[in-house]
Amino acid sequence: MTESAQNTAPAGSAAGGSSAEMTGASEPEGSVVLEGVTKKFGGAIAVDNISLNVRPGEFLSLLGPSGCGKTTTLRMLAGFEEPTSGSIRISGQDVVGIPPHKRNVNTVFQAYALFPHMSVAENVAYGLRQKGTPKSEIRERVTESLDLVQMRSFADRKPTQLSGGQQQRIALARALINRPAVLLLDEPLGALDRQLREEMQIELKLLQSRLGITFIFVTHDQGEALSMSDRIAIMRKGRIEQLDDADSIYDSPASAYVAGFIGQQNFIAGTMTNDLSVMESPFGIINASGPHEDLAAGMDAQAAVRPEAVAVALATGDSTSTAANQIRGEVIGVSHQGETLQFLVSIGNDQTLLSRVPRPNAPRLAVGDSVLCTWDTASVHLFPSDQASQAQADIARAVSNPAPPTSSISL
Amino acid sequence: MTTTVEGRTAPPRKAPSKRPRWLKLPSFALAIPAWAWLFAFFVAPVALVVWFSFGYKPGIFGTHANDVLSFDRYAEALSPTFFTTFQNTLWVGVVGTLICLAISIPFAYWLAFKAPIARRGILLAMVMIPFWTNFLVRTIGWQIILAPSGILSEALQSIGMLNEPLEILYTRTAVLIGVVYNYLPLMILPMFVAFDRVSLPMREASKDLGAGRWSTFMNVTLPLAKPGIVVGILLVYIPLMGDYITATVLGGAKGNMAGQMVANQFQTAQNWALGSAMAVVLVLTILTTVGIAALVAWLAAWPLRANQRLVLGDKS
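Sequence lines, in order, name chains A and B. Using the numbering used here, you'd call the opening residue of the first sequence number 1 and step up by one each time. Using the numbering used here, you'd call the opening residue of the second sequence number 412 and step up by one each time.
Think of the hints as simulated: they come from the structure by calculation, not from any bench. All residues carry an ideal CB built from backbone N, CA and C; glycine is no exception. Hints may contain errors.
[Stated by the list, open to error] Label-pair restraints from in silico Cβ distances:
1. B:ALA529 / A:SER153: 26 to 36 angstroms
2. A:GLY164 / B:PRO638: 52 to 62 angstroms
3. A:GLY132 / B:LEU706: 22 to 32 angstroms
4. B:ALA529 / A:GLY97: 54 to 64 angstroms
5. B:PHE482 / A:SER153: 54 to 64 angstroms
6. B:GLN554 / A:LYS40: 48 to 58 angstroms
7. B:LEU436 / A:GLY164: 51 to 61 angstroms
8. B:PHE452 / A:GLY132: 52 to 62 angstroms
9. A:GLN150 / B:TRP446: 31 to 41 angstroms
10. A:GLY97 / B:GLY702: 27 to 37 angstroms
11. B:ALA440 / A:GLY263: 54 to 64 angstroms
12. B:LEU535 / A:ASN49: 32 to 42 angstroms
13. B:PRO638 / A:ASP247: 37 to 47 angstroms
Okay, chain A solo, but in the shape it has when bound:
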């Protein structure tokens, strides 16, 4: 019941329908429910009244810049932090106050945290040994677990003899051997180089669909989140900004922050007309598919259009077009991106538009060409101007301060 409510919940309603009437018994194994969870460190609020409903077997990403509260949320699920207020249920069981070793969740740590004084097999066996599993069974399940990540031949080596990617797999095998209901992953691919990271993304996703375990994945890398997740929770300043699948987040961002944080956007400033889906800008009329709930007539607004939604064509004649969603400009840059061509178009007033066109269909344009940029009404989203500038400032800050490297590998 709650699941269907979830599905139809409008984007931006900050996750998880009200589940006050829900009882523990109705929550199946592998579900994770957070209700009004707040975590304060001294006076600082790390997580601010978050509600989230993770379905069993779901791959959910918590995405956001450093300091947005995503890692704190994960640590509360693992049991390393206790919420200041609110409730957390895992598989229907209230886990607040339960220490980490008694929770049916396991964690893949950012820097893997493999025990250097144990071999790979002993690392993987650690969880079973703590449960007092008989040795013959340990041997069997360690083998099985190492097979799962294709690392069996490394069983008797020490973790320090392995590469980052191999250590990553061992950390995964070690966390999965206890067959947790929920696997928590804290930026597990952050320390890998790009190519290996992309390989591991595919592998992680395959593993998750094969095992059917709920994965909660913390990352600041939007590509990672978009490529693997069933749903993504975009976090900002301790709150969930939007919780939705990758398509919806990309195509219908609930806020200017989400619009700017995921992918690239052209932002065009203007003023709202009486029709709340029409904005007047110095460059012409901009039509959007629908109004933003916070907009009012006469308000300063910003329209967001993705570069790939912008089509460019050589301008014919010098008729000043008055049609909506059309802006004339001059090409000031062309760059080859492999499968796409990217055009930077100056539209006056120091403003540029970015257009990205698949290469086979791309028009042959050169710097200096006079062009007409056009786009669909459906690809335009309008946001109040103050929200948009605040969001752009936050995103710029997030980009200039990437997540600090983990402290655990420092000596």
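Position chain B relative to chain A; hints supplied.
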């Protein structure tokens, strides 16, 4: 596949050095000052002491002679009069080190994991401050505290725990209190560093995998902190065994220790041969006991290792 990767990332060949050949020193040249120092001020004196220990005291004005070599000085050093002092030394050394260990482990653990990080500097300084005071002065301070008419005795009598003055000064117990006090910082510091290096994610990973506090301590924290603990033990046990200031100031006749005895032979009795033999016996005692302790610790950890050990031996 692996080989191609390795082949690709093979380090570039070393560029030939521009320096003339005769200027190039072998790399061990960096260690020559240290070796020279150690040889002149450690190896040579120890060799000399061993050499003297086989000689004898030639007469009332001579200190040593080596024209006749024998083991007689060793027999003398281990005669009942002196043997009790060796026993005494060993007792103080072992018990003192164990007490330091019992105090240091919980304290260093607390300092590394539980104490507020902002106050760590002050807490460490408090451990170190006694160390900045002269060793002798600190020890004499204890003489005042432990005297029969001293603060401790008075305090215990006033609260009714004792009916007569405390007769603890100039006993083995006083020496024990003194050495624990004097050497404790040497144990706490390396142990704190060792615990501090056991990273939080490592301990969290252990708890995450189902280990409780005690199990995490035994399986992860302690093994990873082992080098620091061993350093702490050695740093306390070895100088403690050779200590003679504490024994002289607090031990009197009943709390005699081997270091004091050796000093007596060299300085008062002018018998360098016997003093040397005693010094060699002391060194051998330290080496043997450290060896035994290492063996005992290794055997005691055997069940834990056997339980943890898992070799799949599958090289497929």
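Consistency of the hints with the structure:
Between B:ALA529 and A:SER153 the CB atoms are about 47 angstroms apart, so this pair departs from the stated range of 26 to 36 angstroms. Take A:GLY164 and B:PRO638: their Cβ atoms lie about 25 angstroms apart, and the range 52 to 62 angstroms is violated. Roughly 30 angstroms separates the CB atoms of A:GLY132 and B:LEU706, a value that falls within the hinted 22 to 32 angstroms. For B:ALA529 and A:GLY97, the Cβ-Cβ distance of about 27 angstroms falls outside the hinted range of 54 to 64 angstroms, so the restraint is violated.
The hint said 54 to 64 angstroms for the Cβ distance between B:PHE482 and A:SER153, and at roughly 59 angstroms that hint holds. In this structure the hint that B:GLN554 and A:LYS40 lie 48 to 58 angstroms apart at CB holds, the actual value being about 53 angstroms. B:LEU436 and A:GLY164 have their C-beta atoms about 38 angstroms apart, which leaves the hinted 51 to 61 angstroms range violated. Roughly 56 angstroms separates the CB atoms of B:PHE452 and A:GLY132, a value that falls within the hinted 52 to 62 angstroms.
At about 50 angstroms, the beta-carbon gap between A:GLN150 and B:TRP446 misses the expected band of 31 to 41 angstroms. Checked against the hint of 27 to 37 angstroms, the pair A:GLY97 and B:GLY702 fails, with Cβ atoms roughly 49 angstroms apart. Checked against the hint of 54 to 64 angstroms, the pair B:ALA440 and A:GLY263 passes, with Cβ atoms roughly 60 angstroms apart. Range check, B:LEU535 to A:ASN49: about 40 angstroms between beta-carbon atoms, so the 32 to 42 angstroms window is met.
Take B:PRO638 and A:ASP247: their Cβ atoms lie about 53 angstroms apart, and the range 37 to 47 angstroms is violated.
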